[in-house]
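Enquirer: Based on the hints, put chain S in the right spot on chain L.
Protein chains in written order, with numbering that gives the first Met the number 0: chain L, 0 to 411; chain S, 0 to 411.
Fair warning: there could be bad hints in the mix.
Note that the list lumps identical chains together, so a pair holds whenever it fits in one copy or between two copies.
[What the hints assert, rightly or not] Only pairs whose alpha carbons sit at most 25 Å apart, straight line, appear in this in silico DSS-like list of lysine-lysine: (1) 72 x 204; (2) 103 x 388; (3) 72 x 243; (4) 407 x 243; (5) 290 x 407; (6) 143 x 364; (7) 27 x 216; (8) 27 x 156; (9) 364 x 103.
FYI, nobody ran anything at the bench for these hints, they're computed from the structure.
Protein chains: 2
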Amino acid sequence: MRAEIITIGDELLIGQVVDTNSAWMAQKLNEQGIELYQITSVHDDREHIIAALNEAFNRADIVLTTGGLGPTKDDITKHVLCEYFGAHLIEDQRVRAHIEDLYKDRPDVLNRLTATQWLVPDNAEILENRVGSAPLMIFHKEDKLLACMPGVPYEMKIAMEEQILPYLHSSFHPFIHSSIYHRTLQVTGIAESTLAILLDEFENKMPSGLHLAYLPKDGVIRLRLSSYGELSEAEMARYFAELKALVQDYLIAETDEPLEVIVGRLLTERHQTIATAESCTGGKLASLLNKHAGSSAFYYGSVISYDNSVKEHILGVPAEMIEKHGVVSEEVVRVMAESVRRLLGTDYAIATSGIAGPTGGSEAKPVGTVWMAWATPEGTTAECFHLGKLREQITDRACLKALVGMIKLLNR
Amino acid sequence: MRAEIITIGDELLIGQVVDTNSAWMAQKLNEQGIELYQITSVHDDREHIIAALNEAFNRADIVLTTGGLGPTKDDITKHVLCEYFGAHLIEDQRVRAHIEDLYKDRPDVLNRLTATQWLVPDNAEILENRVGSAPLMIFHKEDKLLACMPGVPYEMKIAMEEQILPYLHSSFHPFIHSSIYHRTLQVTGIAESTLAILLDEFENKMPSGLHLAYLPKDGVIRLRLSSYGELSEAEMARYFAELKALVQDYLIAETDEPLEVIVGRLLTERHQTIATAESCTGGKLASLLNKHAGSSAFYYGSVISYDNSVKEHILGVPAEMIEKHGVVSEEVVRVMAESVRRLLGTDYAIATSGIAGPTGGSEAKPVGTVWMAWATPEGTTAECFHLGKLREQITDRACLKALVGMIKLLNR
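Excised from the complex, chain L in its bound form (with noise of 0.2 Å):
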């Protein structure tokens, strides 16, 4: 069973949006097993709508649309849904009766645009759009299907969890197989070529139904092992099981889930708390670990140092140690840790304290250099790293390194 992605929305095609509405459902559709063939971005426009609806219907068997269904002249997608699957528009009084209570409290919201918004095809099945004003679509073409959703990313997400996801399981049960595999490794330490190099052999006598991919990103490369359809489940876990035996001296995690999960999720089940103490990160680090939900288990807290005064009031960094040493050094980012470990109450805390650029830098410390500290237990240790030259990649690596440190040391 192939499905295709069509994201409307000239937003997209000026680079004004980032589509992240993409790769969550795509992770939604393999895991129900159905495959992803193509994700296209067009625009808000007709001719071009109708080519990609034509395009993807021949390729794939399930087409899924996001956006240009909001009440004002820009969107048009749902006229050009109708005029493709022959439709009129007519009043549900459903979708209306949902709208009204939607805006009950704003009056202002109910006016003749939001009204056209509970006008639907009438040849299409409307789904509840709980959050939004937008209706749900799904049209029938011959045996395969077309469902029709918001572009707003949560209101995406539930309609897709909510509605879209059991409409196509409960449609296409009986032909989809679910044997659909991905299984991650995460390894540090070792570059793209040489960690492909050690599995040659293991790649050449993998059986043709079985894909090794590699995802090298800041330093880590995640190992991504496919199947899609063609191995029973103890297959793909003895050849999961040797690829990890392979990699074992670079193995971060034996999963694909973002390492600050993975230090949540270590921490969580030894009853340890941890706070950070961030300067060139800049809370950065501190939002990782309170991004999802139960971090309040073991997240503490931060202080975000970004002006030295604040490391010298706040974190107790004596000012001739930042004089002789220099504020990027071994001796700051270590105060820094033990400070806002003791200051906080934590297990463990984290400091970091670097150049991200583009100005700051000298021969001795160039735009990159980061000084980062793990406070623990049984006592602080630190490195020193060259993390690239522009801002945004030094300071994601930054946190990525911070956490690769915490996992070893909680691996311990």
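Expert: Frame of chain L, contents of chain S only:
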């Protein structure tokens, strides 16, 4: 002059990676006066890549590809392009010297797989990839052109800025109409449909070459006027001024800059500084404020008080106050904002405390309730928001509300 992007990689279609490249490339192309017609994401699969190339060349003059250029077996883009353009791989001495220099301190990386990276198609122009081992390739097909780049975002960005965009400019200069205009206003405090009714007359009298788009997100609507070569700069400016006058009451920005950039610019102009005290936003607001270069001029630091003990011990929120009013309350955020402003010695401070969920909500304070305070030299204001039901949505919206509030205070 029309371009298309083809992003190549199974990881995009199983949702393991979000395609952030395309939006960035789209912006750059538009700035150069090159219209981006479509973005297509395809598998690491010979037939799929060839089909996508054929379709893209049918529609566009310039095709840009990213991804599939690593040295491992799963990356096949170079081989498929050789087949497509009838090329053979030959060793390129310049690329070889570059790669040998790139890894001069890491002899293990100079292995037989890395050596495949200096094999290049004999009919392609090779441009320098300053920061990686995959060569940038330009192929010609009649009067059309394909540029092939790696998928690692920072490599792609450097390739585009230093090599591909200048190449496109010099190749197509006489054919590029430099008058693509996009201008954006940001408004808040009005529903999308109400705004559209307010602008009905304006939209009806717009010339056919002018387009108005509504991009609502988290309570802010970006209102974009676009023209692809039909209008002069003066005409564009006139319509933009007219639009601005119509939405004056709701206007928070006259550019498409992220709100944190606007806050940073306003503060820097005034030589003023800011700090944050964050509970539910957990560092996200801090990391927004220092995301961009130049932030050390106005951003001092933050106290992330995820756990109540941090609110009490560092920010001096009295335990009785938390006991009496709850941690998500006007009283508490006021103390948080004023404390962090005083502690860090800044002109302004923003504090957040809310229930990001999924647990922790009550009837009186459901998930999504967020109290926020802005401490200023003229006193402190506070406001309560209800920001939805999903954790990420709540914290994103809270940051946006914090920044909108700050912009309003600074523009007062």
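Enquirer: Indicate, hint by hint, whether the structure satisfies it.
Expert: For each hint, the structure was consulted:
1. Taking identical chains as interchangeable, the C-alpha atoms of residue 72 and residue 204 lie at most 25 Å apart only when they sit on different chains, with a minimum of 13 Å there against 57 Å within one chain.
2. In the homo-oligomer, the alpha carbons of residue 103 and residue 388 lie at most 25 Å apart only across protomers (18 Å), although the nearest pairing inside one protomer, at 52 Å, exceeds that limit.
3. Taking identical chains as interchangeable, the C-alpha atoms of residue 72 and residue 243 lie at most 25 Å apart only when they sit on different chains, with a minimum of 19 Å there against 54 Å within one chain.
4. Taking CA atoms no more than 25 Å apart as the test, residue 407 paired with residue 243 passes inside one copy only; the shortest distance there is 17 Å, against 55 Å between copies.
5. Taking CA atoms no more than 25 Å apart as the test, residue 290 paired with residue 407 passes inside one copy only; the shortest distance there is 21 Å, against 28 Å between copies.
6. Taking the shortest Cα distances, residue 143 and residue 364 never come within 25 Å of each other, neither inside one copy (60 Å) nor across copies (45 Å).
7. Both within a single protomer and between protomers do residue 27 and residue 216 lie at most 25 Å apart by alpha-carbon distance, with minima of 23 Å and 23 Å respectively.
8. For a Cα distance limit of 25 Å, the shortest separation of residue 27 from residue 156 inside one copy, 10 Å, qualifies, whereas the shortest one across copies, 30 Å, does not.
9. For the identical chains of this complex, residue 364 and residue 103 are inter-copy neighbours only, at 20 Å across copies versus 59 Å inside a copy, given an alpha-carbon limit of 25 Å.
Of the hints listed earlier, the one the structure fails to meet is number 6.
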